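Peer 1: Letter by letter, the chains look like this.
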Amino acid sequence: MRARIVGLLAGTILLAGCASAGVRGTGDLGVVIERANGSVQLVSTTERAAIGRVAGLGDLSHASVVYSRDGRYAYVFGRDGGLTKVDLLRGRIDRRVVQSGNAIGGAISQDGRLIAVANYVPGGVKVFDAATLELLAEIPAAYGDGKLAKVVGIEDAPGNRFVFSLFEAGEIWVADLSDPRRPALQKFKGIGKEPYDALVTPDGRYYLAGLFGEDGMAMLDLWHTERGVKRVLDGYGRGAQKLPVYKMPHLEGWAIAGRHAYVPAVARHEVLVIDTDTWREVGRIAVAGQPVFVIARPDGRQVWVNFAVPDYSTVQVIDTETRRIVRTLAPGKAILHMEFTPRGEAVWLSARDDDRVVVYDTATFARIAEIPAAKPSGIFFTARAFRTGF
Amino acid sequence: MHTERSMLHGAARSRYGLPHPLALALLVILMFGVTFANSAAAAEPSPQRAAQLAYMVRQDCGSCHGMTLTGGLGPALVPAALKGKPAAYIKHVILNGNKNTAMPGWSPLLSDADAEWIAERLLGGFPDAR
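Listed in order, the protein sequences are those of chains A and B. Take 25 as the starting number for the first sequence in this note's numbering and just add one per residue. Take 99 as the starting number for the second sequence in this note's numbering and just add one per residue.
These are calculated hints, taken from the structure and not from any lab test. Among the hints, erroneous ones may be present.
To be verified - Residues from chain A that keep clear of chain B, each with C-beta distances beyond 12 Å, as calculated:
hint, residue
1, K174
2, Q210
3, P226
4, R229
5, F236
6, G240
7, E250
8, A370
9, S401
Claimed, not checked - Derived lysine-lysine pairs resembling BS3-like cross-links, with alpha carbons at most 30 Å apart:
hint, chain 1, residue 1, chain 2, residue 2
10, A, K254, A, K217
11, A, K211, A, K271
12, A, K211, B, K197
13, A, K254, A, K211
14, A, K217, A, K271
15, B, K181, A, K271
16, A, K213, B, K181
17, A, K171, B, K183
18, B, K197, A, K213
19, A, K271, A, K171
20, B, K183, A, K271
21, B, K183, B, K197
22, A, K271, A, K213
23, A, K211, A, K171
24, B, K197, A, K217
25, B, K181, A, K254
26, A, K271, A, K254
27, A, K357, A, K271
28, A, K217, B, K181
29, B, K183, A, K357
30, A, K357, B, K181
31, A, K254, A, K171
Model, not experiment: these values are computed from the prediction. C-beta: ideal position from N, C-alpha, C; glycine also.
Bound conformation, chain A alone:
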């Protein structure tokens, strides 16, 4: 409760609203990454406004966020290896470590005690105490004759496990952190060329890695790891012609609506519909560009899609009952990310080149708010705290 000026030294700005208002929850809060400034805006989905800004987070050109299970702290993973724990209530940096030279993202364990970071340089995973950011374990991604691979697609899984893929090695590793200082590793080799991102299904059962170097996805059943990695979705990928991909599709936000998953096709202007019982493709929907994020509204009735450059100023909405595009929106220039409010009545979109976040009503498609933000990219709400794979 000490009102500290110390936070300002770290470049933080106290939350005018929160710090003085006393008691409040965090269920309607979130952060917006300001990628060029190394800062995050703290936002409220109730007020539809920014309530503060925290700076000093380093290079956020590719940044992602996970939340503590109490929804109070945002762990921000920066490009430069920075891991910053931001206190949403006090509006400042709680702790920060620069843990590698180049990182891609991270995950929080099922029990909320561990933060794992996937690193490109040096290639591997580091595991930290979520409370103190003390380093607990290092897992070098060594393969072949000892070279280190870039680690991608790190996901949390039930049993305090982290699952991740090795880009150059074509391997999937499962690290059981039941004993946080002694990770037990299971390695799956020869899973396919160049896994570039991955996701875990909402129930935490299946881990799927997209392959850049060949078609198809590598799937691991986390209930039965003894069965090994299987190849699914043989038609999924760039195809024999290796079409250019202007931005890697992100798999983590995979939209699962009912028994169907809506996934970004690689390089093609299509969203694929996958039956999650059989893991076979059951449909394709033509869209306005190369999809990057394909995200379901929490009720599964709509799927929103954004696109890679040069089509990144368009957003399309698919109705999952008819599998048709019901709306094509022009929310602003360079839409990089989309995040639904916890129950989906609104969606927030970051318009990088307009320097603002725009909010749409998902029932009427009316634009209901605009929030100034400097080169916004990722938007992350605290409801992620309660979802496996987020």
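Got chain A; can you put chain B on it based on the hints?
Peer 2: Frame of chain A; chain B shown alone:
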């Protein structure tokens, strides 16, 4: 990964059918606002165009190469990392991509002159565009 194993893929460009002529035209008008000089006799981009290119490299190329160009899934593009690579090679990769890596060819979006300007600036230390 990301080596110069196969530098010459002129075919890659022709394989890519322009997806959205309208969107591209709009992009040219809205984002670039200048004439698209697509001649091989690469004229230096205008200062306005140069500023747009610098922004694009930092923001869009930065998705894979990092906004500070120190690398990500794609390799670092700072002068030290590119040392010894000719500008013509870098320009070729920008325009045509490298089919053995994730690097796409940007010829649908960049002219010869644009790519040449970017290649030279990368070798000399890329300007800030924030």
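Peer 1: Does each hint fit the structure? Answer for all of them.
Peer 2: Hints and how they fare:
no. : hint               : verdict
1   : K174               : 7 Å, violated
2   : Q210               : 24 Å, holds
3   : P226               : 26 Å, holds
4   : R229               : 27 Å, holds
5   : F236               : 6 Å, violated
6   : G240               : 17 Å, holds
7   : E250               : 31 Å, holds
8   : A370               : 26 Å, holds
9   : S401               : 9 Å, violated
10  : A:K254 with A:K217 : 14 Å, holds
11  : A:K211 with A:K271 : 29 Å, holds
12  : A:K211 with B:K197 : 29 Å, holds
13  : A:K254 with A:K211 : 14 Å, holds
14  : A:K217 with A:K271 : 18 Å, holds
15  : B:K181 with A:K271 : 26 Å, holds
16  : A:K213 with B:K181 : 35 Å, violated
17  : A:K171 with B:K183 : 24 Å, holds
18  : B:K197 with A:K213 : 24 Å, holds
19  : A:K271 with A:K171 : 27 Å, holds
20  : B:K183 with A:K271 : 25 Å, holds
21  : B:K183 with B:K197 : 18 Å, holds
22  : A:K271 with A:K213 : 27 Å, holds
23  : A:K211 with A:K171 : 16 Å, holds
24  : B:K197 with A:K217 : 14 Å, holds
25  : B:K181 with A:K254 : 42 Å, violated
26  : A:K271 with A:K254 : 26 Å, holds
27  : A:K357 with A:K271 : 16 Å, holds
28  : A:K217 with B:K181 : 29 Å, holds
29  : B:K183 with A:K357 : 34 Å, violated
30  : A:K357 with B:K181 : 35 Å, violated
31  : A:K254 with A:K171 : 25 Å, holds
Checked against the numbered hints above, the structure violates hints 1, 5, 9, 16, 25, 29 and 30; every other hint is satisfied.
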